[in-house]
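K.L.:
These are the residues of each chain, in order.
There are 4 protein chains.
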Amino acid sequence: MPESNQTVRVEAFSDGVFGIAMTLLVIEIKVPPHELVAVQGLGHSLLALWPSYLAFLTSFATILVIWVHHHWVLAMITKNDHAFLYWNGLLLLFVTFVPFPTALLAEYLLHPEGRIAANLYTGTFLAISLAFDALWRHASARLLSADAKRDKRGEAAQITRQYRFGPPLYLGAFGVSFASEAWSVGLCLVLALFFALRGSASPAAVE
Amino acid sequence: MPESNQTVRVEAFSDGVFGIAMTLLVIEIKVPPHELVAVQGLGHSLLALWPSYLAFLTSFATILVIWVHHHWVLAMITKNDHAFLYWNGLLLLFVTFVPFPTALLAEYLLHPEGRIAANLYTGTFLAISLAFDALWRHASARLLSADAKRDKRGEAAQITRQYRFGPPLYLGAFGVSFASEAWSVGLCLVLALFFALRGSASPAAVE
Amino acid sequence: MPESNQTVRVEAFSDGVFGIAMTLLVIEIKVPPHELVAVQGLGHSLLALWPSYLAFLTSFATILVIWVHHHWVLAMITKNDHAFLYWNGLLLLFVTFVPFPTALLAEYLLHPEGRIAANLYTGTFLAISLAFDALWRHASARLLSADAKRDKRGEAAQITRQYRFGPPLYLGAFGVSFASEAWSVGLCLVLALFFALRGSASPAAVE
Amino acid sequence: MPESNQTVRVEAFSDGVFGIAMTLLVIEIKVPPHELVAVQGLGHSLLALWPSYLAFLTSFATILVIWVHHHWVLAMITKNDHAFLYWNGLLLLFVTFVPFPTALLAEYLLHPEGRIAANLYTGTFLAISLAFDALWRHASARLLSADAKRDKRGEAAQITRQYRFGPPLYLGAFGVSFASEAWSVGLCLVLALFFALRGSASPAAVE
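Protein sequence lines, in the order shown, are assigned to chains A, B, C and D.
Note that the working numbering numbers the first sequence so that position 138 is 138, with each residue one more than the last.
Note that the working numbering numbers the second sequence so that position 140 is 140, with each residue one more than the last.
Note that the working numbering numbers the third sequence so that position 180 is 180, with each residue one more than the last.
Note that the working numbering numbers the fourth sequence so that position 60 is 60, with each residue one more than the last.
If you're looking for bench data, these hints aren't it; they were derived computationally from the structure.
In this text the structure is predicted, and so the values were computed from the model without any measurement.
All C-beta atoms, glycine included, are put in the ideal place defined by N, C-alpha and C.
Warning: the hint list may mix true and false statements.
The list that follows gives simulated cross-link-like pairs (lysine to any residue, SDA-like), each with its CA atoms no further than 20 Å apart [as the list claims (entries may be wrong)]:
#: 1; chain 1: A; residue 1: 30; chain 2: B; residue 2: 30
#: 2; chain 1: D; residue 1: 30; chain 2: A; residue 2: 123
#: 3; chain 1: B; residue 1: 30; chain 2: C; residue 2: 31
#: 4; chain 1: C; residue 1: 30; chain 2: C; residue 2: 7
#: 5; chain 1: B; residue 1: 30; chain 2: C; residue 2: 197
#: 6; chain 1: A; residue 1: 30; chain 2: B; residue 2: 33
#: 7; chain 1: B; residue 1: 30; chain 2: B; residue 2: 44
#: 8; chain 1: A; residue 1: 30; chain 2: B; residue 2: 31
#: 9; chain 1: A; residue 1: 30; chain 2: B; residue 2: 79
#: 10; chain 1: A; residue 1: 30; chain 2: A; residue 2: 123
#: 11; chain 1: C; residue 1: 30; chain 2: D; residue 2: 49
#: 12; chain 1: B; residue 1: 30; chain 2: C; residue 2: 109
#: 13; chain 1: C; residue 1: 30; chain 2: D; residue 2: 119
#: 14; chain 1: C; residue 1: 30; chain 2: C; residue 2: 111
#: 15; chain 1: B; residue 1: 79; chain 2: A; residue 2: 110
#: 16; chain 1: A; residue 1: 30; chain 2: B; residue 2: 49
#: 17; chain 1: A; residue 1: 30; chain 2: B; residue 2: 32
Output of the computed footprint for chain B on chain A, the stretches with three or more beta carbons under 8 Å from beta carbons of chain B [claimed, not checked]:
#: 18; region: 16-27
#: 19; region: 82-92
#: 20; region: 110-122
Pulled from the structure, derived: some chain B residues nowhere near chain C, Cβ distances all over 10 Å [as the list claims (entries may be wrong)]:
#: 21; residue: 12
#: 22; residue: 79
#: 23; residue: 130
#: 24; residue: 133
#: 25; residue: 138
#: 26; residue: 160
#: 27; residue: 190
Please work from the sequences and hints to get the whole structure.
P.N.:
Structure below.
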């Protein structure tokens, strides 16, 4: 199998799944029904959907950041193996699942049992961070191209350092979700912005 | 990271998101329920869905025009940076959101409070035009390839001139939405056709 | 803009739209509700969904055949222009719309007013065949590569001959839909198979 | 048609369909309604969705394994013909259909007539394995590149040996579905893991 073909196709397939998972999030924002609008007015009904907007924005930003980092990892490797395909598949499984906890959170954030929705929501992101960590460990140990090994030793070490923070931080968000639903979701949004900025702070990454 | 790989993957991912957002629009056109058809007949029930068709067509045409212009900008750059990925992400966030205001407009265009739906609809397009403007400013200032800088100075200046009109025109549509819902949506459809024709009028763009 | 980039990106975007439109068809096959199953049994409820299966299969086969022919046309051209992008956009608009008449047909094929659903269903395919015809006329007149012009004159003429049959045949199916809903849908399925076989009969096409 | 272009575009299109079918599975996991949560609590309502999770996981894993094998087959061929496009289309038809039996199984696994849902679910996977078998037979007989024929005779024979097991094993799962719904679904999950591991055991496949 030509090497170039390998990562190209994994990228294309993964990009498709990331893109569809991000786009499907929007169909979980439900148009308010006429009966509700008759009572509350349309403006108020739309404002009352803020948990849906928050969940949409947080999930979108998180998947986008993961996609950017996936892009970065795939750019460092020029071959893959069966194990990589299945670690990648595990990551995609969790990413694909995101619209469900997102919809659940939007529906139950303000409910007395909202904590369970926040547990599942932050837990899904924890699972994503663990799968990504495993993917990177496998890729960095076995799949770096000779060029990447020589030229990008520093960069690879830097990625490893950064990713070390992912799982503990999302474990923190999962912990917070037992105390406050809204704060744990807000923390996930902050984490997405944090990883975006950390990425920006390391120009070597994409240049 | 090989330069060619960079823009190829951003394009593929963006194309996926544009394509899915356009295709998801159709699932917001709801098949009329049997109870309504029993009263009004199927033909009349289908005609009464005209706000859905108008919203579908306008959103589809707008996303298509943005995709064509995105295609044009990406063709001029041969590298990208983290900031570009996140400006692009912001643009995709608004594009992904389009099915929600589209469904809302289809449901509430003829409602006494339809103005709010039209505000959100035209406001979303205004946000898209602003994000696209920011993407182009960043790309034209920092990411043009040496070739593009030398050969396409005139083309780049022309794009800059054209895009200057996007935000004010969509601000206009947003303003009109406070006076007349239907006119503001019609104006968005006209704007999509206008940008399509302006693009056609500048053959240098794609040849 | 590098020539090779142009058609690659149009193909990728179009492939995405074709693929999503085909895949979205399945979400219009609704799982029978428990109340219905309690009365009729699950087996009978599933058999009663045959209009959904027929509509799904016919729409899937039609979009697949169009995709194969789109693949064939794009392979003959190596550049595109703004007009091509918008003809292609018009084709994608109709393809994207297909899930709506498909769902409508599945719901109303056996209804006394099913004829209207069949009119819209066959009419959408007629519109697709006209848009494809326009796309091919434009592409064959203006966008064939020098190689294709020299080497593939015969092939291009053959495509032109074949496509001449598309619009009249779908006009026929549209006409039949006024007499018999089921026959007009069956005819669309036969047409998809017919175009598939005609394609197979001309080995020059893809070899 | 340039040879390289052919398989690239079939791959891109197929990847799109595989990716969308996998991602659409999640929208069949329905957020529990407030009335149910008021009676059972949110935690219990979520646990009661286990048939949805099982069906999601099994369908996701199965489509992922098929995608990995599809990737493997496409990597061995460098040309295609009309017959290949339509065998591939048949495979995609069955893959695209998967969300419907998945949703049906999730809804009716615990129902007295759940056997019918399990029949359709395992029967769909049987159809997929048969279509994949036909695709591989056609590809291996007619479309292997000269390189692949010379260098990969052993690999091709190995694929043939492996795939011989697919249809009988899924026929077995289909048979089991008449005796026990849950066991037949569990068997499909085990089969997906089995094919994943068998693939891993043959490192020649992707290296």
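K.L.:
Now tell me if each hint is right for this structure.
P.N.:
Here is what the structure says about each hint:
no.	hint	result
1	A:30 with B:30	13 Å, holds
2	D:30 with A:123	19 Å, holds
3	B:30 with C:31	17 Å, holds
4	C:30 with C:7	38 Å, violated
5	B:30 with C:197	35 Å, violated
6	A:30 with B:33	18 Å, holds
7	B:30 with B:44	14 Å, holds
8	A:30 with B:31	17 Å, holds
9	A:30 with B:79	39 Å, violated
10	A:30 with A:123	24 Å, violated
11	C:30 with D:49	19 Å, holds
12	B:30 with C:109	16 Å, holds
13	C:30 with D:119	18 Å, holds
14	C:30 with C:111	17 Å, holds
15	B:79 with A:110	44 Å, violated
16	A:30 with B:49	19 Å, holds
17	A:30 with B:32	18 Å, holds
18	16-27	holds (count 10)
19	82-92	violated (count 0)
20	110-122	violated (count 0)
21	12	6 Å, violated
22	79	15 Å, holds
23	130	24 Å, holds
24	133	21 Å, holds
25	138	20 Å, holds
26	160	17 Å, holds
27	190	15 Å, holds
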